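Trainee: For the protein sequence lines, the chains are A and B, in the order given. Numbering-wise, the first sequence is residues -6 to 267 according to this note's numbering. Numbering-wise, the second sequence is residues -6 to 267 according to this note's numbering.
If you are wondering where the hints come from, they were derived from the structure by calculation, not from laboratory data. Fair warning: this is a prediction, and the values are worked out from it, not measured in the lab. One or more of the hints may lead you astray.
As the list makes no split between identical chains, a pair holds if one copy fits it or if it spans any two.
Straight-line alpha carbon distances no greater than 25 Å define the calculated SDA-like cross-link-like pairs of lysine to any residue that follow [said to hold, decoys possible]:
1. Lys89 / Ser100
2. Lys260 / Ala51
3. Lys89 / Gln221
4. Lys(-4) / Arg75
5. Lys89 / Arg75
6. Lys89 / Asp35
7. Lys89 / His27
2 protein chains.
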Amino acid sequence: MSKRTVFVVSDRTGITAEILSHSLLTQFPNVIFHTRALPFVDTPEKVVDAVREINEAADNDKARPLIFATFVSPQLFDGVRRARGFFVDLFGTFLKPLEMELQSASSHEIGHSHGVVDRDRYTSRISAVHYAMDCDDGVSIDDYSKADLIILGVSRTGKTPVCLYLAIHFGLFCANYPLTEEDFNDGALPPILQPFRGRLFGLTINSERLCQIRTERRPDSRYSSRQQCEYELAQGQATFRRHAISFADTTQMSIEEIGTTILQKMKIRRELLG
Amino acid sequence: MSKRTVFVVSDRTGITAEILSHSLLTQFPNVIFHTRALPFVDTPEKVVDAVREINEAADNDKARPLIFATFVSPQLFDGVRRARGFFVDLFGTFLKPLEMELQSASSHEIGHSHGVVDRDRYTSRISAVHYAMDCDDGVSIDDYSKADLIILGVSRTGKTPVCLYLAIHFGLFCANYPLTEEDFNDGALPPILQPFRGRLFGLTINSERLCQIRTERRPDSRYSSRQQCEYELAQGQATFRRHAISFADTTQMSIEEIGTTILQKMKIRRELLG
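If we strip away everything but chain A, and leave its shape as in the complex, we get:
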């Protein structure tokens, strides 16, 4: 396996560059990458430090470092370009063609992405996170009327992480409702959910996987037994089918995939907030 050092360098957070580098480099499973983030390289002094650090890696490694860069300031980026490395320049590559297409100059201003630009949008993200926290696992179920979405599933199907993901990145108000044995007695939809049928989405998971996850949490318990997991999952899925609730199997899915699937299936128009 060959090894390469990767630098993610930006005069802002560098999150966009880091995500792109992650997406691109995972396509090369035969190379081991060591990534170093150099965010907020926003003064000439920090540029000098960054160049030194990159050149040190170039000296130590047998191959030149890969440098994923997003600089809003062309002056600062000119400085970083003097480092010895293979550059993937996101803004340089795409901004010029976009300026031509849009017949508009780009602003080259810091803080337009991953920064607080619009206070209302920022506040809505924070409110959404606190809403998800407050409405986690049915804690504050009188507040469902505010929910954009209510995610159902038995314990540990992935409801909480996906609610928080959708809150942080899209400002969606997501509640979650844990299906428990009590909900399976009469085949009816829990009364508290009945006014909100259009906002419900179900999660399920493979029983072997659920058993693993629950065992890590409470080993040798009824809760984590294979029989109990199978029973709850079967009842949960029967509930989804009986009440025509869209659902997804999260066994092979990441948090991002679950979130994207829900937004797509529920036809929720949303905008990435950060």
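For this one, chain A is given, so just place chain B on it according to the hints.
Mentor: The following block gives chain B in isolation, referenced to the frame of chain A:
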């Protein structure tokens, strides 16, 4: 203001393309963009649907749509390319040069990014999210020994969202400790935190902004009064200074900026997990 329709099209979640489009397009504040996400375009039939939707927008708009694409499958992308639009092709642009540089073919496999590849890493993200939930606002403070990081601050300085952000994206175990009046009596560090001095990071905020945020939560209360906000913030900052705790002012910062700042100042080596 001119208007443009933007499509984010992918055979996977499209999150990378969406984040890049967001970063690039916020550099054009004079154009209004309407973004439509078309994720999971992973069959020839869905390609046909996507092309139709893009071409309809091209017919309706006065300008061609912008299309941000990340396709792992070159065959599917060839199909999408027939749509009438201005393409920003992330993988096509960067993968070939990277293949040359790395002297390695890219795998063109689905699921290597924003997918569940490595179960341990996935499990660690989920565990980190549940840890952040359990340790929110000092609820389960006996568990601080597991924390990679403990974030301090008075109520509503942004502790909870940033803990969850770091948990979801980096799998970090972040606890948070709410500083309250009781902690300000004797100038000592709260005893519960004393064993973990090296893991503490403080958040503060402008008092006017805090007053606004708290007023939305509890209007006309002592909690949201200007005087109380000023008092708590001054005491909080005095605590950080007295005990040499690094801290940041979150007034102008997004969740991503706060997270990146903390990782940098605490010199936490971490890897983006999704």
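Trainee: Would you mind marking each hint as holding or not holding in the structure?
Mentor: Hint-by-hint comparison with the structure:
no. : hint            : in the structure
1   : Lys89 / Ser100  : within (12 Å within a copy, 30 Å between copies)
2   : Lys260 / Ala51  : between (48 Å within a copy, 22 Å between copies)
3   : Lys89 / Gln221  : neither (58 Å within a copy, 50 Å between copies)
4   : Lys(-4) / Arg75 : within (23 Å within a copy, 38 Å between copies)
5   : Lys89 / Arg75   : both (21 Å within a copy, 23 Å between copies)
6   : Lys89 / Asp35   : within (22 Å within a copy, 30 Å between copies)
7   : Lys89 / His27   : between (30 Å within a copy, 21 Å between copies)
Hint check: a violation occurs at hint 3 only; the rest are consistent with the structure.
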